[in-house]
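Could you build the full structure based on these sequences and the hints that come with them?
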Amino acid sequence: MQPFDLISVDSIQDAVKAQSSSSTAQQGASVRYIAGGTNLVDYMKLNVETPAKLVDINGLSLTAIEPAPNGGLKIGALARNTDVAYHDTVKTQFPVLSLAILSGASTQLRNMATTAGNLLQKTRCVYYRDTAYGCNKRQPGTGCSAIDGHNRMMAILGTSDKCIASNPSDQNVALAALDATIHVTGAKGERTIPIAQFYLLPGNTPERETVLEPGDLVTHITIPALPAGAKSYYLKLRDRTSYEFALASAAVVVKQSGSRIDFARVAMGGVGTVPWRSLEAEKALQGKVATPANFRAAAEAALHGARPQSQNGFKVELAKRCLTHALAEVTRQA
Amino acid sequence: MAEHTDDTSKPLTSLEKLSRRSFLSRAGAMGVATAAATVAPVVASAEPERPQPQGDPAMPETPGTIPITLKVNGETHQLRIDPRATVLDTLRETLHLTGTKKGCDHGQCGACTVHVDGRRANSCLLLAAMHQKAEITTIEGLGTPQKMHPMQAAFVEHDGYQCGYCTSGQIMSAVAMLHEPWGDTDTDVKEALSGNICRCGAYPNIVAAVQSVRRHA
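From first to last, the protein sequence lines are chains Y and X.
Going left to right, the first sequence walks through residues 1 to 334 as the numbering used here numbers them.
Going left to right, the second sequence walks through residues 1001 to 1217 as the numbering used here numbers them.
Think of the hints as simulated: they come from the structure by calculation, not from any bench.
A portion of the hints provided could be inaccurate.
[To be verified] Cut-off 35 angstroms, straight-line C-alpha distance, at most; resulting in silico cross-link-like pairs (DSBU-like, lysine-lysine):
(1) Lys1133/X x Lys91/Y
(2) Lys1071/X x Lys45/Y
(3) Lys17/Y x Lys1071/X
(4) Lys1102/X x Lys45/Y
(5) Lys1102/X x Lys53/Y
(6) Lys231/Y x Lys1190/X
(7) Lys1071/X x Lys53/Y
(8) Lys1071/X x Lys1133/X
(9) Lys91/Y x Lys231/Y
(10) Lys45/Y x Lys1133/X
(11) Lys1133/X x Lys17/Y
Here is the structure:
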């Protein structure tokens, strides 16, 4: 691990000021916020992240989970994953989020990891993690070793010829289906970013993963209230039954009137370079009767643009079945 | 190490009496020559030796180190550490609390599990300098060979290990699990402890040990 200076801050302004001295908030940032550290310390040990300064933000009062003014839920950036997953409102009103968080990592890691840290969780691409290999995300211009390498775990949606790394988070798939809003304080003040606009596709600049700029500090997220009667569910498929990243996962929010679906939100994990909201699947479900055939049609729509690599062609069908099962389960609850 | 006296009448030298661990840690602290000179008070004992912590603020400052306070098992320690030092390395290398093990060092195996303010965490991913206000509990703070925590006794009773390397992490996780919202089944135990890998595959006995404590809790 490279040496660094460690400072702690007790105000959002001091935190923003400290990180603003970095030329970027993305890969290669010279100043990094640190909270749970589960992702950052790991990558610092691998020399994938080499910040010269760490800004400990655990002293900031950003742990609250409380009702939002619009009837939804506000979750502080420093709320631990465990506390969010077991929060009564999350369990009863947004079970998809509780299920997603509890399907990820281990209790130890969930006790440490924070909401905003998980929001910014880095890919687990083996080539990104290993500095012996070229990786356009870690070091722009050095090529993507995954495209002709071990790519079984990689993404099939949203890829480019520069990067096929999958986004590993479960929480963020649920937040995409819940249409969460990210609240940020930066050098120019406060702003809000819909989660659908928060993550950037790799394109030609895979080192840029979010719209965050130097100084930007995620302070909290908000989740809008769901329509009365809406149900939500998260299904994760993986190589082991526990403590493993998704091969494919589906977060679904559905409200039915009679047997017809009149509200649907769909997001998928394990298959996208970003948490993958599928407006195509949602459109395919709108107004339809809840039948296996209609679920399959939605899954076909969601995976229509899939571009599998040499070793992960199985993910296309796996993801379709994952979404079909998740829709069957959530509509059975209604 | 100290028990191989049966095949000879020749008394052990003081160096031979020194356990391998205590030798290595003292050698690390002071160098081999000094270690040889300090062995006289060390006798074979059932009690683990507790060498003085390194990083004592009174010791000469090593460039790049910072002073910190760390609360471990109810004791407050004033130390000087490298800012990069994790809680795990500080426990093992500076405080000589070697019950907490280093497995993968990347938060994947659970061997380093400790309790931080009552909740279990991977100490290999925690920077010590960021946890100066925390109450840290290690396996040494849970029980002693003479007075074991019920979970430690259950692991002995049910043979919940082979090589023993993952055991302290398994036990720290299992004890934390008692206060977490899990169901009653073996499946719940397997899910709750999935962050603790056992290379020997002692899982059935680990589950049995944990369930025996939960049933009597």
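Hints and how they fare:
Our distance criterion of 35 angstroms between C-alpha atoms is met by Lys1133/X and Lys91/Y, whose separation comes to about 31 angstroms. A distance of roughly 25 angstroms separates the Cα atoms of Lys1071/X and Lys45/Y; the hinted pair therefore holds under the 35 angstroms criterion. Between Lys17/Y and Lys1071/X, the direct Cα distance comes to roughly 31 angstroms. Compliance with the 35 angstroms bound is thereby established for this hinted pair. Proximity of Lys1102/X to Lys45/Y is assessed by CA-CA distance (about 14 angstroms); at most 35 angstroms being required, the pair is judged to hold.
Restraint check: the Cα-Cα separation between Lys1102/X and Lys53/Y comes to about 26 angstroms, which is no more than 35 angstroms; the hinted pair holds. Proximity of Lys231/Y to Lys1190/X is assessed by CA-CA distance (about 28 angstroms); at most 35 angstroms being required, the pair is judged to hold. Pair hint Lys1071/X plus Lys53/Y holds up; C-alpha atoms about 25 angstroms apart against a cutoff of 35 angstroms. For the given pair, Lys1071/X sits about 7 angstroms from Lys1133/X by alpha-carbon distance, which is consistent with the 35 angstroms threshold.
The hinted pair formed by Lys91/Y and Lys231/Y meets the criterion: a straight-line CA distance of about 12 angstroms does not exceed 35 angstroms. Using a Cα cut-off of 35 angstroms, the hinted pair Lys45/Y and Lys1133/X holds, with the two alpha carbons roughly 24 angstroms apart. Taking the CA atoms of Lys1133/X and Lys17/Y, the gap is about 25 angstroms. The hint holds against a cut of 35 angstroms.
Against the hints set out earlier in the document, no violation occurs for any number.
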